[in-house]
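So you can see what is in the structure, the chains are spelled out below.
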Amino acid sequence: MTNIFSSSIPAIEMQKVQKVFKNAAGTFHVLKGLDLQLAQGEFVSIVGKSGSGKSTLLNMITGIDHPTGGNVIVNGVNVHTMNESTRSLWRGNNLGIVFQFFQLLPMLTLQENVMLPMDFVNKYDFDERPKRAMELLTLVGLEKQAHKLPTTVSTGQQQCAAIARALATDPPVIAADEPTGNLDTKSSDVIISLFDHLVRSGKTIVMVTHDPSLTERTSRTVVISDGELINETVAKAFVNLSHHQLLDLTHNLENFNFAPGEAILTQDQSVEYLYLIVTGNVDISLRNPKGKRLIVTSLKPDQFFGEIELTGSGRSIANVTASAETPVSLVGIKREKFLEILASSQITEEAIQNVVRHRLEENRSARQKMNGGKP
Amino acid sequence: MMRPRWRKVFHDLINNLSRTLLVVFSIAVGVFSIGVIVGAYVIISNDMSQSYSSNHPANVELRTGPFDDSLVSTIQNVRGVNDAEGRTVLSLRARIKGTENWQTLNIIAIEDYSDININLLNIDEGTNQPNNKEAVIERKVLQDMQVKVGQTLELQLENGTIKELPVVGIVQDASTAAGDFIANPFVYITVNTLPYLNEEPLFNRLYVTLAENENDNTHLQTMLTVIRDKTEQSGVSVFHSRFAKTNEHPMASTVQAILGILLALGILILFLSSSLIANTLNALLNQHLRYIGIMKLVGASRNQVLQMYMVLILSFCLIALGIAVPLGGQGAYGLAAFIADQINFALMGYRIVPLALIVQIVVGLAVPLMAGFIPVLNGSKISVVRALSDNQMLEENKPEQVEIKKETFVEKISLRFTKLLSKRNIHIPRPLLISFRNTFRRKGRLILTLFTLTMAGAIFIAVFNVRVTLFDYLDGIADYFMADVTLDFDQPYRVKDITNRVMAIPGVADIEGWAYASAEAINLDESLAENITILAPPSDSTMVTPNLIAGRWLIPGDEKALALSEQIYEDFPDLQPGDKIRIKIYGKKEEWTVVGIFKFVPQEGTFAYGTYEYISKITHQNNRSFSYRIMLENHDKKNQKAMGVVIDDYFQNAGYNVDQVRTGDSTLKSASESLDILITFLLIMAILTAIVGSMGLTGTMGMNVLERTREIGVMRSIGAVDRAIMQTVIIEGMAIGGISWLMGAILSVPITYLLSDIVSLAVFESPIQVIFTTTGFLIWFLVVLILSALASLFPARNAASLTIREVLAYE
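Chains as they are written, first to last, in the working numbering: chain A, 962 to 1336; chain B, 288 to 1098.
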């Protein structure tokens, strides 16, 4: 199974997607102008609390729900310009959906359930369909259960069959809504291993989940809170903050861009932000009195710098430059906001203090090294 | 202030209007039908005899030679006679002035319309008392002639002259010739008008009512003999005599058959509507299980839940009764009026039938409450955890189900069958499999729906079979009336002369002159047993193909020999071919030989065949005849009619006294008229059951779709377009239709026998040979498929219009 799309086109792109519900109690903004791009071959988890809008977001991608504003483009097709019936056909060809409750049709055997999408979208020769269904069931380890009805196999096996069904028409994108939410740990492992296998074979998988152990196995995690996406870099940097706090930080970010090799901070410069690296690498260096530059460490995307200065003297203890190879994109959190967050989250403060200690130690070692072993 | 739980009941009632309407409609259909049937049953069985007896029908009727008032006075003085009246009946051709269409009408002359006490005339329009040189018509005239009050009738006399009579009224005569479909329509004039029509002012019919025991057959028979003897002693010949009860309409047996079928239909519809109600309420309760769970969670007891839903059902019942009771009353009177119009009797006026009202209320309350009780009881017993689980509606579709189930018997069969086919490389497309397997998922509902449709189908097919059976029987009767044109004259003409003239007309193939005679079969005690009408074709006639059930047909040389219709068995059950029978013919009592007995539709009296050669001799009409049977080269109806006009014109112009020219099918038409009423009625009944059946199917498919919205959403999510979704629903409906057809086809066999026996016993008083036709099976096959497709169309459209968001109900 190979991905037929060129990797230059995003698998999924959401542009300013809004969803507003109105009822007697008032107007509710479930999605508040989301922008999101998922690349081909990514294994993405969408996490968020109950009612955060994560399933609505997935429904926008699958075309199950309609946005109030904005566009959802899947494999170059604007999903919501089609009518319901055409969209069904399009979905059958381009998207495999895995539901939390499997949603196999109870009157059809597992093999027949897998053949059903091929019948609906008229893909593959009629006589080839049983063979292909068996191949897919073999892939998910259900070849011996192929002729059984869903109610006569275990829930784990039902979900495996649902995955086989999602793969029936070889769609490039698989959307899964809490696929392990109703399974025991062992069955969940089987499902996630299957997803890994599919991603390796080029499928894009986007999965809504509550389970943090699953997000660890995905290549990317998108966090949604109150209908807004939390900046992914912020989310990775501050794993101990609540979604509400992360969202607050997301609202208070400033963007910075630097050319390769461009200086970001110079030693002793006053520091006003905590910088988080979105793309590119950042070199932390010291200069000896002779002007020789020693790189203390290189920071990668999702790492941050500036915390020593913000929690200490306020002046940079090193030079910070964009690496020579790639441009650098940063987001910055202002001093006051950063300190406010630390004050409100003891565990985060402790984590930051650990980082500060560790980095100060690194700095000290580097200076010693630069000074020929003198402190 | 209304308690919250009763407010919930009220909310359930008005919030989902389409569901409320479906339940109310299911109940109302049954209540309406029962109301119509019971109401019509009561109205007809009451009014038919009441309206008939209120017209003072004659208990004894004599067709005689001419007589005057003195005989009437004599009979009035006979002990046991209540009243007697003389009337004149003559047959003349008539047309509306200014038109060309001649009809033969029976003109009845009555002496004093203000003093009629027998066979009363009810006014439809204008007056029922014509003055001299005026005419009042009986409403049956209107079937063939669109004559209005104020128009003028032209009557053609025997000598060819035309006399005019203005029409001053239209009446209904429910008594004279009641049940005699062959009789010509009546026109009433005064006796004083007779000379104007070149007729003597003398009577030829005597109508008598009895003073007592007028509903006792033995007494009636005795009085008939007394009155006939008295008449003959007065020197007046009696050609034909009959007696009739006061309280029994001559068509009572046909109507009895209709009422019997009505009652059967009522019981059937009651069953059908209860299954419809049970289905609908079951689905309603399924939808409400979650609410029941919530109510129990907050402390509702089983009894409180039970009460709430029983009150909800009661509310449905009351709304349905409010709609169906008044409509049922109107429908009952409408149906009764239709039947009364067909049979020609007047109803006693619109009224509410208390029995129908009670039955409607009982059915409208008891059936839904009973049908709803079990589902409500089960619903009220549901555990909170199950009621609140994600999808409690379908046991087999419980997505969070942990327990692994075994395949059911039906599932096993279905899977094995599909496997067997796939081994032979026959793969059924999955959407089709969904339809077929869905068919058997809700077994209880399927059984109820199948019951409804199967009964409808079986009755529909049976009606066609019975129709063919009856018409086959009539076809057999038609073998006695094979002539294309019957030419009757007012006086006898030489057979040779008429034969030569007719044969000269192009298109004529053959002609026979027939003789007629009236006779009476006589019992050993000299009392009258039966009137016998003798038809006498030439002994080598090619225009009769009898259906003999005993003995032989007439042969040349037969004298004093008769072939009798099977009705003779009513008076002489042991009669055998070769036996002698005593008859009174032309005033003489003689013994004739019965050579054979043939099958025939029951008529008043017995039909018999003798030979022309002998009968014409005893009637002194040798080689002459009043009546001629003509065979044409081309037998189609259009040609018969055209040739009838040609022959009529020819003899009119040649100066012959033509009485009437009838085309071949007209005799049969009269004979089959009573059957037509029954057949029409049976067809209406079949269509009604088909409608109820398809309504049941619509309800079932609607509920199926309602319960399977989640699955429909899943199908949508994996690529099903509108058409695919609709196809799954429609094919499921058609599969149910197909199964019901198969079951209906099998069940139609015993129902055909049953229905055929009911009808033939009521009408012919003996069972007839049942004939099966493929027509009913084929038509019902198409009808049930179309009906099921249509019945599924609305639910299918609903299914296709559901968005996945609605049906998968996220967040």
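Derived from the structure by calculation, the hints contain no laboratory data. Certain hints may be false.
[Claimed, not checked] Stretch-level coverage of chain A by chain B, calculated; a stretch enters the list once three of its residues show a Cβ under 8 angstroms from a Cβ in chain B:
#, region
1, 1077–1084
2, 1111–1119
3, 1252–1265
[As the list claims (entries may be wrong)] No more than 16 angstroms apart at the CA atoms, straight line, and that leaves these computed lysine to aspartate or glutamate pairs for EDC-like:
#, chain 1, residue 1, chain 2, residue 2
4, B, K710, A, D1172
5, B, K710, A, E1310
6, B, K730, B, E994
7, A, K1147, A, D1172
Every residue gets a Cβ at the ideal spot worked out from N, C-alpha and C, and that includes glycine.
These are the hints, each one checked on the structure:
For the region 1077–1084 of chain A, the stated coverage by chain B holds: 5 residues have a C-beta nearer than 8 angstroms to a C-beta of that chain, and at least 3 were required. Coverage of the region 1111–1119 of chain A by chain B holds [criterion: at least 3 residues with CB-CB distance below 8 angstroms; count 5]. Under a criterion of three residues with beta carbons nearer than 8 angstroms to beta carbons of chain B, the stated coverage of the region 1252–1265 of chain A fails, only 0 such residues being counted. Between K710(B) and D1172(A), the direct Cα distance comes to roughly 44 angstroms. Violation of the 16 angstroms bound is thereby established for this hinted pair.
Taken as a hint, the K710(B) and E1310(A) pair is broken in the structure, with Cα atoms around 68 angstroms apart against an allowance of 16 angstroms. Restraint check for K730(B) and E994(B): satisfied, since their Cα atoms lie roughly 14 angstroms apart, inside the 16 angstroms limit. Of the supplied pair hints, the one linking K1147(A) and D1172(A) holds, its CA atoms being roughly 14 angstroms apart against a limit of 16 angstroms.
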